[in-house]
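Q: Take a look at the letters that make up each chain.
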Amino acid sequence: MYKETILKKFEPRLDNILYILHELQDNNEQHYVSKEDLKLCADYLSVPYSFVHGVATFYTMFSLTPRGRNIIRLCDSPPCHLMGSGSLLDYLKNKLKIDVGETTKDGVFTLELTSCLGVCGVAPALMMNNATIGKLTPEKVDAILEERRKSL
Amino acid sequence: MNMVRNHVLISIDANTIIAGARAVEDALIKEIARQGLSQEIVVLETGSVGIEDQGVVLVVYPEGIYYTNITPAEVPELVEEHLLKGRVVHRLMLKETPKRFVITKEKTGLMKEQPRIVLKNCGFINPESIDEAIAADGYQAAAKALSSMKPDEIIAEVKHAGLTGRGGAAFPTGLKWEFASKVDNPVKYIVCNADEGEPGTFKDRLILEGDPHKLIESMIIGGYATGATKGFVYIRGEYELSIERLEKAIADARSYGLLGTNIFDSGFDFDITVMKGAGAYVCGEETALIESIEGKRGHPRNKPPYPITAGLWGKPTIVNNVETLSNIPEIILKGAENFKKYGTEKCSGTKVYTILGHVATPGLIETEMGTTLRDIIFEYGGGIKDGKRFKCALVGGAAGAFLGPDMLDVKMDFVNLREYAAALGSGAILVMDEDTDIVDMLKSVLHFFKHESCGHCVPCRLGTARLVELIDRIAASKGTSKDVEGLTRISETMKDTSFCPLGQSLILPVSSSLKYFKDEILARVQ
Chain A
68 MYKETILKKF EPRLDNILYI LHELQDNNEQ HYVSKEDLKL CADYLSVPYS
118 FVHGVATFYT MFSLTPRGRN IIRLCDSPPC HLMGSGSLLD YLKNKLKIDV
168 GETTKDGVFT LELTSCLGVC GVAPALMMNN ATIGKLTPEK VDAILEERRK
218 SL
Chain B
1321 MNMVRNHVLI SIDANTIIAG ARAVEDALIK EIARQGLSQE IVVLETGSVG
1371 IEDQGVVLVV YPEGIYYTNI TPAEVPELVE EHLLKGRVVH RLMLKETPKR
1421 FVITKEKTGL MKEQPRIVLK NCGFINPESI DEAIAADGYQ AAAKALSSMK
1471 PDEIIAEVKH AGLTGRGGAA FPTGLKWEFA SKVDNPVKYI VCNADEGEPG
1521 TFKDRLILEG DPHKLIESMI IGGYATGATK GFVYIRGEYE LSIERLEKAI
1571 ADARSYGLLG TNIFDSGFDF DITVMKGAGA YVCGEETALI ESIEGKRGHP
1621 RNKPPYPITA GLWGKPTIVN NVETLSNIPE IILKGAENFK KYGTEKCSGT
1671 KVYTILGHVA TPGLIETEMG TTLRDIIFEY GGGIKDGKRF KCALVGGAAG
1721 AFLGPDMLDV KMDFVNLREY AAALGSGAIL VMDEDTDIVD MLKSVLHFFK
1771 HESCGHCVPC RLGTARLVEL IDRIAASKGT SKDVEGLTRI SETMKDTSFC
1821 PLGQSLILPV SSSLKYFKDE ILARVQ
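Chain order of the listed sequences is A and B.
Take 68 as the starting number for the first sequence in the working numbering and just add one per residue.
Take 1321 as the starting number for the second sequence in the working numbering and just add one per residue.
Please note that a few of the clues may not be correct.
Now the stretches of chain B that chain A is said to cover, found in silico as 3 or more residues with beta-carbon under 8 angstroms [what the hints assert, rightly or not]:
1) 1381-1395
2) 1479-1487
3) 1552-1565
4) 1655-1669
5) 1833-1845
Think about it this way: if two alpha-carbon atoms lie no more than 27 angstroms apart in a straight line, the pair counts; the simulated DSSO-like pairs of lysine-lysine are [unchecked claim]:
6) Lys1596/B to Lys76/A
7) Lys75/A to Lys1596/B
8) Lys1616/B to Lys202/A
9) Lys1616/B to Lys70/A
10) Lys1705/B to Lys75/A
11) Lys1616/B to Lys207/A
The set of hints was computed from the structure by calculation and includes no laboratory data.
Every residue, glycine too, gets a C-beta built ideally from N, C-alpha and C.
Generate the whole structure from the sequences, applying the supplied hints.
A: So this is what it looks like as structure tokens:
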């Protein structure tokens, strides 16, 4: 029922679609927009399901598959790349034993790449859920992962 | 009345929050209270002061002393020594003061080092306080414009100032406004493009986080001049703090009657809505941005019709960048002639740059148009990190050009750089030292475009994919000289045939890297 409360926060106008999708995703325990969510959104805005699907898949901030409890989004734009995000990506992949876009077996972490986060002064940077963390080193990455695991 | 002895400004922006600015702020307030100084020392939040990699930054006034890399552990010492006993803690002070930090006070005359029009209040006022914005001349230009100027007088002033679009295209802003004002339609929109996606660019973010009221004021003026009564600011979904601060600023402006109906008793109604993006670089292109506001996939539209005649929901729409708009109040308040004192003959005013990569002090600066790359890197950026040598700089973001040592002394402005097949673009300056692998950098740029190509037109969708295949092969030392030729051929074709500037601009990084580093690239192939 709570999903209808989310929808009701916005007028049923098409220009609210990104806000609605953001809210649905943020309130989903698995951090994604489910098929059911897309259907709800389509009905609410009186547009075809395929239209909402098209919009949701166009924007990289939306995921249509379930994600882990923590989402790691490593910036791989040229400025972070120059400061060594490439080797950090390899480090993260090895450490978590997953590839980009995958979730660890225990469901704790999902690894993603993101475009420039606009904090290039402290490159290389990543976002752990909503927090941006910069000046990354393998040791710092270890500490961040450890902290998230402990907070389970 | 209490006498305030010291003001401590703490920079709260995306970079300093990462470094723990909130914890330092809490510690500072507690410690000041513990020492019984709460009546005489005021802690104020402000936006970025322009230092991006030195942790939490504090500025203590009236002395104008910068403390960097502050953690809660240092706070007791700082409060006791400096704020209680009046002794500067040299250990924590910013040692060498590069040119760009010398912005402490206008009256010192040192402002000449960095003329600040756009960033005038960033790092000085509390961006969450409308009263501070007003105290710093906020909304004065809007008051002047709405109460004593006619729309065409405003447009004439902006035209005369020679302000051009700072998003990269450098279209004359006054001309755009004039076209829009002449379109006969009762409904018009003004849209601020804050979808800052160009890699290495974070100027708009820091403007929004440091002085959101300036943008609101500029949009009021723009709306009044062109006849638009509704404004939209389209901000990247990742910029949570910018969205939060702008929304607060808009709410405050409404409660002060600066937005809404009959602003300044002029009979003019205007309001602004914030739109949140969801991660798509192509939405920085104005027609794609309009599609996105309408709630669709962010595909660029056919032009013409241009947004000026048929934009948002088919209505005339003016699209301006954050930095462009932020110049308007100064032009209105001090006049076009004053604005033209800055910059070059063809490009007046200032430009905000982000300096990053292998420089000693990465950060945000505003300098006159026509400043050379050498000055930006060596004066403002503190030179190359670790005493290494300059190799090149990627100027203008991913859609910009690599510039080598021969370009260091070229006066940079929108017109001049075009003559060198380069672009000022968004003002991002990514500096690379002598050890940088250019193939690897080009690979990163091309991968970025492949990911961000929206798939709407064939040349860009397929072109970016082919370019990535070629560069991956070259980077893995499995390519041939034919692959290197292929890079040029494909990006040239894309320039001629792509639907929007995204696909058209790959030629810049490709041809410029080949211009300077052909041998280095060829050495990687068989």
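Q: Does each hint fit the structure? Answer for all of them.
A: Hint-by-hint comparison with the structure:
Proximity of the segment 1381-1395 of chain B to chain A, defined as three or more residues with a beta carbon under 8 angstroms from a beta carbon of that chain, is not established by the 0 residues found. Interface restraint, the segment 1479-1487 of chain B with chain A: violated (0 residues with C-beta to C-beta distance below 8 angstroms; minimum three). Coverage of the segment 1552-1565 of chain B by chain A holds [criterion: at least 3 residues with CB-CB distance below 8 angstroms; count 5]. Only residues whose beta carbon comes within less than 8 angstroms of a beta carbon in chain A count, and the segment 1655-1669 of chain B has 0; fewer than three means the coverage is violated.
As drawn, the segment 1833-1845 of chain B meets chain A at 0 residues by the rule of a beta-carbon pair under 8 angstroms; below three, the given contact is violated. Taking the CA atoms of Lys1596/B and Lys76/A, the gap is near 15 angstroms; set against the 27 angstroms cutoff, the hint holds. Of the pairs offered as hints, the one joining Lys75/A and Lys1596/B holds, with about 18 angstroms between alpha carbons and a cut-off of 27 angstroms not exceeded. A C-alpha spacing of about 36 angstroms is found between Lys1616/B and Lys202/A, which places the hinted pair above 27 angstroms, so the restraint is violated.
For the proposed pair Lys1616/B and Lys70/A, the alpha carbon gap of about 22 angstroms is at most 27 angstroms, so the pair holds. A distance of roughly 53 angstroms separates the Cα atoms of Lys1705/B and Lys75/A; the hinted pair therefore is violated under the 27 angstroms criterion. Only pairs whose Cα atoms come within 27 angstroms are accepted, and Lys1616/B paired with Lys207/A is rejected, the gap being roughly 39 angstroms.
Of the numbered hints listed earlier, those contradicted by the structure are 1, 2, 4, 5, 8, 10, 11.
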